[in-house]
Structures are given as C-alpha cells and as structure tokens.
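The whole structure should be built from the sequences, with the hints applied where relevant.
Listed here are the chains, written in short residue letters.
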Amino acid sequence: MRKAATTLILAIATVTVLTGCIDQGPHPSSSPTRTLPAGLPSTAPTAPVDAGEVTAAPEAGGDSQKKAIAAATKVMQTFAQPQLGADKWWAQMLPLLSQQGAVAYQGTDPSQIPAHQVTGAGTVLPDSTEVSLIVQVPTDAGVYNITVTRPDTSAPWLADRIRPAQG
Amino acid sequence: MAKQGGIGTAAVLAIPLILVGALIAGILLIFGPAQQAGACGPGTTVDPTQIPKDAIAGYGGDQLTNAAYIMNAASALGLDRAAQIIGVMTAMGESSLRVVDHGDTAGPDSRGLFQQRDNGAWGSLADRMDPTISATNFFKALQRVDGWEALPPTIAAHRVQGNADPYHYEKFYAAAATVVGTLAGKGVTVCQSGYLVFPLNPGYNMTDDYGPRPFRVEGASTWHPADDLQHYPNPCHDPVFAITDGTVTYLAGYQLSIKSPDGYTVSYLHMYLNEVLVKIGQQVTAGEQVGATGDNGPATGCHLDLRINVVGNTNPTVAALPRSETIGGPAGWVNPEQFYDAFGLTLCAPDSCRREY
Numbered sequence: 000m001r002k003a004a005t006t007l008i009l010a011i012a013t014v015t016v017l018t019g020c021i022d023q024g025p026h027p028s029s030s031p032t033r034t035l036p037a038g039l040p041s042t043a044p045t046a047p048v049d050a051g052e053v054t055a056a057p058e059a060g061g062d063s064q065k066k067a068i069a070a071a072t073k074v075m076q077t078f079a080q081p082q083l084g085a086d087k088w089w090a091q092m093l094p095l096l097s098q099q100g101a102v103a104y105q106g107t108d109p110s111q112i113p114a115h116q117v118t119g120a121g122t123v124l125p126d127s128t129e130v131s132l133i134v135q136v137p138t139d140a141g142v143y144n145i146t147v148t149r150p151d152t153s154a155p156w157l158a159d160r161i162r163p164a165q166g
Numbered sequence: 000m001a002k003q004g005g006i007g008t009a010a011v012l013a014i015p016l017i018l019v020g021a022l023i024a025g026i027l028l029i030f031g032p033a034q035q036a037g038a039c040g041p042g043t044t045v046d047p048t049q050i051p052k053d054a055i056a057g058y059g060g061d062q063l064t065n066a067a068y069i070m071n072a073a074s075a076l077g078l079d080r081a082a083q084i085i086g087v088m089t090a091m092g093e094s095s096l097r098v099v100d101h102g103d104t105a106g107p108d109s110r111g112l113f114q115q116r117d118n119g120a121w122g123s124l125a126d127r128m129d130p131t132i133s134a135t136n137f138f139k140a141l142q143r144v145d146g147w148e149a150l151p152p153t154i155a156a157h158r159v160q161g162n163a164d165p166y167h168y169e170k171f172y173a174a175a176a177t178v179v180g181t182l183a184g185k186g187v188t189v190c191q192s193g194y195l196v197f198p199l200n201p202g203y204n205m206t207d208d209y210g211p212r213p214f215r216v217e218g219a220s221t222w223h224p225a226d227d228l229q230h231y232p233n234p235c236h237d238p239v240f241a242i243t244d245g246t247v248t249y250l251a252g253y254q255l256s257i258k259s260p261d262g263y264t265v266s267y268l269h270m271y272l273n274e275v276l277v278k279i280g281q282q283v284t285a286g287e288q289v290g291a292t293g294d295n296g297p298a299t300g301c302h303l304d305l306r307i308n309v310v311g312n313t314n315p316t317v318a319a320l321p322r323s324e325t326i327g328g329p330a331g332w333v334n335p336e337q338f339y340d341a342f343g344l345t346l347c348a349p350d351s352c353r354r355e356y
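Protein chains in written order, with numbering that gives the first Met the number 0: chain A, 0 to 166; chain B, 0 to 356.
Some hints could be false.
[To be verified] Residues from chain A that face chain B, not an exhaustive set, calculated with beta carbons under 10 angstroms:
1. V48
2. A50
3. V53
4. L83
5. Q105
6. D108
7. S110
8. Q111
9. L124
10. D126
11. N144
12. D151
13. A154
14. R162
15. A164
[Stated by the list, open to error] Heads up, simulated DSS-like pairs for lysine-lysine below, C-alpha to C-alpha not over 27 angstroms straight-line:
16. B:K278 to A:K65
17. B:K278 to A:K66
18. B:K170 to B:K52
19. A:K73 to A:K87
20. B:K170 to B:K139
21. A:K87 to A:K66
Honestly, the hints are just simulated from the structure, not real lab data.
No experiment lies behind these values; they were computed from the predicted model shown.
No residue lacks a Cβ here, since even glycine has one placed at the ideal position from N, Cα and C.
Laid out in structure tokens, this is it:
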C-alpha cells in the first residue's frame with residue numbers, strides 16, 4: 000500500500016538507481032534506521048513498483064494422474080503393514096520413497112501404524128502438477144494423503160509424505 | 000510412543016542403511032550454503048518454582064512446570080535452545096506436557112511426558128514418570144541421532160520416538176518455541192523451525208504488503224497477494240532461500256514456484272532465470288538457496304515478491320488462515336505474514352524489518 004508521494008519519490012529513486020548513486024551506508028541488520036545519501040530528502044526511498052502476476056503450473060495429465068494413483072496406492076498398501084517387522088517393512092518401503100521421504104521415514108516403527116489395508120480408489124487433489132501432487136487414499140484407519148514427486152515425466156512417482164488426512 | 004532406545008538404526012538392514020546414509024550425506028551437502036535452521040541461541044535454565052501464572056500458547060500450570068524441567072534437562076547436558084524446543088515439542092505431541100500415568104492402544108506400557116515404553120531402554124517406571132529423568136533420557140537419545148541438528152525438528156523427534164508419522168510433532172513447534180522463549184524470559188524465540196525459514200538473510204525491509212492497494216500505481220494490479228522484501232542498499236543479487244521443503248513446479252519468465260509436500264505453492268518473483276539454482280522437478284529443502292533477487296519482469300527495482308497460494312493445501316494450520324477471496328482479493332492466496340505467524344515466526348519484525356510502503 001503506497002502513500003501519496005509515490006510519484007515524486009519514484010522519480011528521485013529512479014534517478015538514483017540510474018546514476019548508480021546508491022548509498023553505501025550501514026546494513027540495516029540490527030536497526031531499522033539507516034543513513035540516507037546527502038542531498039536527498041530524509042524520506043524513505045521509494046519502494047520498487049511490483050506488478051507481478053503468477054501462472055499456475057499446468058495440472059498433471061490423465062496418464063500422469065493414473066500412474067500417480069497407482070504409485071500412491073502401492074505406497075499405502077506397503078505402508079499399512081503394522082504386522083511386518085521393522086526391517087522387512089523398511090526394505091519394502093525404501094524403493095517407494097523420494098530422498099526426502101527416505102530421510103523422514105527412517106526409524107518409523109511400523110507396529111504403531113493404525114492402517115491395515117486400502118479400502119477404495121485413490122483420488123488426486125486439486126492443483127496437481129506433472130512433478131508433484133497429492134493422492135488421497137482411503138484405508139481402514141481413515142483417509143491418507145500421499146504426496147508423490149518425480150524429477151520429470153519419465154521417472155517413477157515416489158512418496159514424500161504419507162499422512163493421515165485428519166492429522 | 001518412544002521406540003526401543005538408541006538401537007533403532009542397528010536393526011535396519013545393512014544395504015538400505017548405506018543408501019540412506021548416502022542420501023543424508025547428499026542432503027547435508029545441499030544444506031551447506033543455506034541458512035542454519037537450528038541456530039537460535041544457548042539453552043536457558045528456568046526456575047520451576049517461578050512459572051508465569053498465565054497460560055502460554057494454551058499451556059499452563061503443571062504443563063509449564065514440566066516444560067521448565069525439560070528445558071533444564073537439556074541445559075544440564077549442554078544443549079542449546081533448539082534442543083529445548085525439540086524436547087518441549089515432543090512432550091506436547093506425546094503427553095500435552097502432562098506426566099501421563101497410563102498408555103494407549105498403540106503402547107499400553109507407555110508412560111510419562113515422553114510416553115516412554117517399558118522395554119528397558121528408558122529406565123524404571125519411576126524414571127519414566129520423572130520429568131527430569133525422562134527428559135534427560137530423551138535428550139541423550141537425541142544426541143545419539145546422527146546429524147540431529149540439521150534435521151527438521153519433527154524428524155529429529157521422530158528418530159528418537161519412532162512414531163508412525165514423522166510429521167506428528169510439526170504442529171506443536173510454534174507453541175513449543177513460544178513456551179521456551181517465554182519461560183527463558185527473552186520473549187518469543189525467533190528460531191527458524193526447519194519447517195519454515197525466512198526467504199532472505201536477516202535485515203531485509205518490506206516494501207509492499209499484502210492486500211488491496213489504496214492508491215493506483217501505473218501498470219500495477221490493484222490487489223497485491225504478496226509481500227515484497229528487499230535489502231537496502233544493494234537489493235540485487237541477494238540470496239533467496241526456499242521457505243519450506245517442496246518440489247519446483249514452475250520456472251519461467253520471472254516466476255519460480257515450489258509446491259510444498261502439504262500441497263500449497265510458494266512463488267518467488269522477479270529473479271533472473273540465469274541466477275536461479277534449481278530446475279523443474281527438483282526437490283528443495285527449507286533454507287536451501289534457490290536463486291537471487293532481481294528486477295526481472297514488471298518491477299522497477301530489485302526485490303523478492305513472495306506469495307503463497309493454498310489451492311490443494313492439506314495442512315490444517317495453513318487451512319485455518321483467511322484466504323484472499325474473503326477480503327475482496329483474487330482467489331487462493333494467504334497473507335505471508337499471517338502464514339509466518341501461524342508457525343511462530345515473524346516475517347517482518349519491528350526491530351529488524353522496516354516497512355516502506
């Protein structure tokens with residue numbers, strides 16, 4: 000939100016920038032005050048004008064979404080094995096996890112996992128992309144959100160997070 | 000549930016362990032030039048008999064006394080404030096900071112502040128029910144986690160506790176940081192949480208905020224769903240850090256977008272693409288440098304335009320924030336300052352960030 004004097008200050012600041020006449024005063028890391036260049040009015044320098052707009056990444060295509068649902072379902076089926084020993088569980092999970100997923104889920108005690116089976120078809124949440132999306136998978140312990148990612152469309156979807164939707 | 004002591008990793012199969020070790024080493028390398036998320040000051044000792052009468056972040060009375068015991072157990076081991084917050088956060092997630100004298104379905108033998116189990120790793124029943132002893136055993140186990148300081152706090156806690164959900168503790172971080180900071184007597188701790196960090200190095204100013212623009216600026220939209228940040232002087236080529244984990248989903252023109260594993264998308268505007276350090280599909284970690292400030296696109300000066308779109312979000316904390324369309328703006332955005340507030344951080348603190356708009 001800009002104050003009324005914007006235009007005048009903008010002109011001054013533009014000249015300042017164009018002429019390279021930029022103050023080399025102290026860095027404002029410890030104090031909000033700073034030294035202004037001599038000769039300039041002691042008003043705040045003009046904020047840069049910003050008219051940016053963003054573009055949403057395109058939604059994942061139908062084939063990508065199908066593969067993501069299949070991958071997330073496999074992840075959930077593998078995850079939901081509390082009866083499996085920790086070693087076997089981890090050996091089955093690791094190939095299905097992204098790097099960040101592997102770091103996060105190391106040390107998980109599968110016997111604590113409340114889910115035992117997938118009970119329905121997965122669905123892709125809005126704002127999916129070709130490299131990251133969330134699949135909701137229903138289980139006997141409620142709906143889980145499975146975040147899957149991939150570096151490009153030729154790579155398999157791998158799981159980042161496996162979390163109860165009502166977390 | 001606290002798992003079976005510090006021997007958890009020994010039980011892991013050898014080959015996956017090596018793989019994971021390599022992965023962690025790779026992530027630590029990526030972390031190298033980034034912000035140090037855990038650095039937030041030395042541990043403080045608190046007098047448990049001098050606890051404020053008013054609740055802090057919804058916790059009061061014995062809960063705060065227990066938080067003090069946890070903080071003191073960390074201090075006694077020479078641990079810093081980041082560890083104190085991890086301890087209090089973990090106990091919030093396990094017991095709501097109460098010395099619980101019963102277990103639950105998943106762990107009928109779990110007891111105490113940290114819900115430590117009767118498996119020999121956590122001492123006697125009396126030990127597990129003692130705030131100081133149970134906290135000390137928690138912190139000793141934390142110290143045995145390789146590289147725990149570089150892990151997000153919830154993951155560090157998970158390595159000790161062996162929960163079913165590594166992210167279980169995340170939502171308690173802001174309250175834990177507030178309790179620890181307040182009990183330490185120095186106000187709310189400004190610790191970067193691992194989950195969320197600041198996009199620029201400290202000392203930046205805010206040059207435009209979120210919301211409707213009262214005065215028409217030539218060529219600019221009338222509603223700004225973003226915060227603009229810059230250092231002054233020398234606002235250009237300033238390192239820009241990913242504020243959360245995520246995957247790069249869009250990179251073109253003057254826009255970099257990173258989608259959080261929780262589904263919302265953070266966009267960083269006006270960088271020059273030749274100064275962007277990541278590519279589409281790449282996973283980035285909170286605090287990792289992704290580029291540098293520029294004036295690419297419709298901008299008259301170098302700055303970072305930071306904006307957060309919550310379409311597809313699954314995080315309850317983020318979902319609770321008011322959305323732009325409810326206050327007359329375009330659909331799908333939240334106020335970055337409120338986003339930081341919700342995770343216990345202040346994006347533009349009065350003592351370090353000047354507002355110039």
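> Which hint numbers does the structure go against, in order from smallest to largest?
Replying inline: 4
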